[in-house]
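Asks: Next come the chains, spelled out residue by residue.
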Amino acid sequence: MTLSRIVCCALLCGVLLLGACRAPSGNVAMRPVTDDIGRQLEVPASIDRIVTFAPSVTELVYAAGAGHKLVGVTTVDDYPPEIEALPRFDALPLDFEAILALEPDIAIASEQVNNPNDAATLASLGVPVYFLAVQTFQELPETIRRAGLLLATESAANRMADSLESSMKALRTIMAGASSRPTTLFLIGDEVLYAFGKGSHIHDLIALAGGESLTASFSNRAPILSDEYVLLARPDVIVGAFGEDYDPTRLLHIHPTWDLVPAVRNGQVYGLDGHLYLRPGPRLVEGAWGLAARLHPSMFRQAP
Amino acid sequence: MKRFHILLPLALLAGLVSIVVGVSVGVDLGRGEVLRVLGHHLSFGTLWTPEATADRIVWQLRMPRVLLALLVGGGLSIIGAAMQTLVRNPLAEPYILGISSGASAGASLFYLGFLPPLISKALSMPMAAFLGGLMAISIVYVVARTQGPRLSVARLLLAGVAMAALMASITSFITLSSPDPDKLRAVLFWLLGSLHTATWSALPLPAIVTLLGLFAMLVLARPLDAMLMGDEPAANLGVPVEVIKRILILLAALVTGVLVAVSGAIGFVGLIIPHAVRSIVGVTHRRLLPVCFVAGALFLLWADLVARALLPSEQLPVGIITAICGVPFFLFLLRRNEYGYG
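Here the protein sequences line up with chains A and B, keeping their order. So for the first sequence, our numbering puts the first residue at 1; every next one is plus one. So for the second sequence, our numbering puts the first residue at 1001; every next one is plus one.
Derived from the structure by calculation, the hints contain no laboratory data. Among these hints, one or two may not hold up.
[Said to hold, decoys possible] To give an idea of the interface, some chain B residues facing chain A are shown, with a C-beta separation under 7 Å as derived from the structure:
no., residue
1, Thr1049
2, Gln1060
3, Met1063
4, Pro1064
5, Asp1182
[Said to hold, decoys possible] One-sided and incomplete, this derived list gives chain A residues near chain B with beta-carbon spacing under 8 Å:
no., residue
6, Val43
7, Ser46
8, Tyr79
9, Leu125
10, Gly189
11, Asn220
12, Pro223
13, Leu225
14, Asp227
15, Leu232
16, Val264
17, Glu286
18, Trp289
C-beta: ideal position from N, C-alpha, C; glycine also.
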């Protein structure tokens, strides 16, 4: 009895000692940074191994020219194709063990998806977590520049940011000549009518594409619209993150009263590739061009 | 008895007023437009010609929704009353005995494509919900049976709570493992209990089943009264207790299954309404059941009305409102009335 107690105590002490030994890697040079949501943290002076916690962040890291430094992404990541070979870990909830096994210098998270409490847990395990945020659509190139600065790939990040900026500018110039600005309803679901409320990047994207977003004034960030609201609001165009192969007649089938809505009556219902619109990443600009072509088809008709 | 005769016409009047208020609440349509639409349809299209959009909103969206609220509220209340008589315990309710959860599990299994559509889609989902509910309550019933044909009430409630938890886990599991995020959102929304899918063509089935349930229970009103005294006294009076118990369980699974398939699992209506009504008209089923039906119908209609008035352009699942309004009222009632059960 006494012997087994002594053994137990010894084992317990051993475990505690082992825990105490696990200190953050001592002699790596660190530098203080402030991330996009205002958290102060220390990151290694040279960053060679990155993990990302959201698909949008992975795309931003690639856009910033640091894709080759990625050592792991989440199981829901699907772009760009280069990530196919990378190790994966669960994102919701974060699989801390799998992340630690990848020995990252830094983890980059999204303020929209990830939880600061998880960041604190990882920081105590020696992995600093940097939150990257695309606050507005206009700020997208700036976010990529910031990521380049953090990951020491400034020149590549600046090149990408410049190219996105000039692409946005070109679209804005074209749309300045548009004769109308159709009211546009952007939906996330066709059965339960999730939409974007106040503060979403989608409203700026729709404005750049030459339209006017219907749900910008909803105080709820993710309102579920009622059928009667859509009937009364009479959008000129309804677009949804339903995929390119979406059958527009499905919408009228689910909401039979919408035959009076101009968008439905005039066949202006389009399914879009959600990844280009929902992810606050570099492909939003491509999405804006695609939406512009739907809203103003006559302005984009190819010359024969 | 006199009181009862005044109560029913009053309730019907309240019903009519509530329906008119019910179709008036939502996004603003302009002065008089709602009455114009109602007048147009009630006069078979001879009077007034309403604006087309207002007509769609009032007659195609709000009216079926209001009627569905009445059916679901009334149906869940009478099933709650019957369940409470069945187990002679005030805690019984389709939600608590696992029927609603079983029906939800069956319906979501079908909705997410794990079960093949046997007949048409419109009939298969209520069918799956009915079978899910029936399976859940049957298992609960078998577990609760002690030696011989008698039911242990404590076991019944415990098994019901456990079964509800099991079915809810199954629903969560199949929902979260669904590959289609849009369907996942739809199921999560529907699980909270919502009337937003109401259309005219979706009304006949719940209407037939609910009214059939009410009718069957009214026929059984006298044996049900006898069963309040206990199984043995009822059997001594010549009531076929076990047969009636089985009929009640089947009816409960049928009505709950069909209602869950159209509106999701709306909780607390079946628990609160019978209690409130008993404290007014007493425990005799011939009075209790019709008043329960009307009171439950009106309660859900007004709960949905609150949901629509709070966020006119958005959707708020009515199940949230029934819990928020219903539970404090229920607790107040418990505190105030010390009525004996049975």
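Asks: If a hint holds in the structure, say so; if it doesn't, say that too.
Replies: Hints and how they fare:
1. Thr1049: The hint is violated - threonine 1049 (chain B) has no Cβ within 7 Å of chain A, the shortest such distance being about 15 Å.
2. Gln1060: Result: holds, 5 Å to nearest chain A Cβ.
3. Met1063: violated, 11 Å
4. Pro1064: violated, 10 Å
5. Asp1182: Since chain A brings a Cβ to about 5 Å from aspartate 1182 (chain B), closer than 7 Å, the hint holds.
6. Val43: At 33 Å from the nearest chain B Cβ, valine 43 (chain A) fails the 8 Å test, so the hint is violated.
7. Ser46: violated, 39 Å
8. Tyr79: This hint is violated: tyrosine 79 (chain A) lies away from chain B, its Cβ roughly 17 Å from the closest one there, beyond 8 Å.
9. Leu125: Status violated, d = 27 Å.
10. Gly189: Interface hint status for glycine 189 (chain A): holds (5 Å vs cutoff 8 Å).
11. Asn220: holds, 7 Å
12. Pro223: holds, 5 Å
13. Leu225: Constraint on leucine 225 (chain A) satisfied, holds at 6 Å.
14. Asp227: holds, 5 Å
15. Leu232: Check passed: Cβ of leucine 232 (chain A) comes within 5 Å of chain B, closer than 8 Å.
16. Val264: violated, 12 Å
17. Glu286: violated, 22 Å
18. Trp289: violated, 25 Å
Checked against the numbered hints given earlier, the structure breaks hints 1, 3, 4, 6, 7, 8, 9, 16, 17, 18 and satisfies all the rest.
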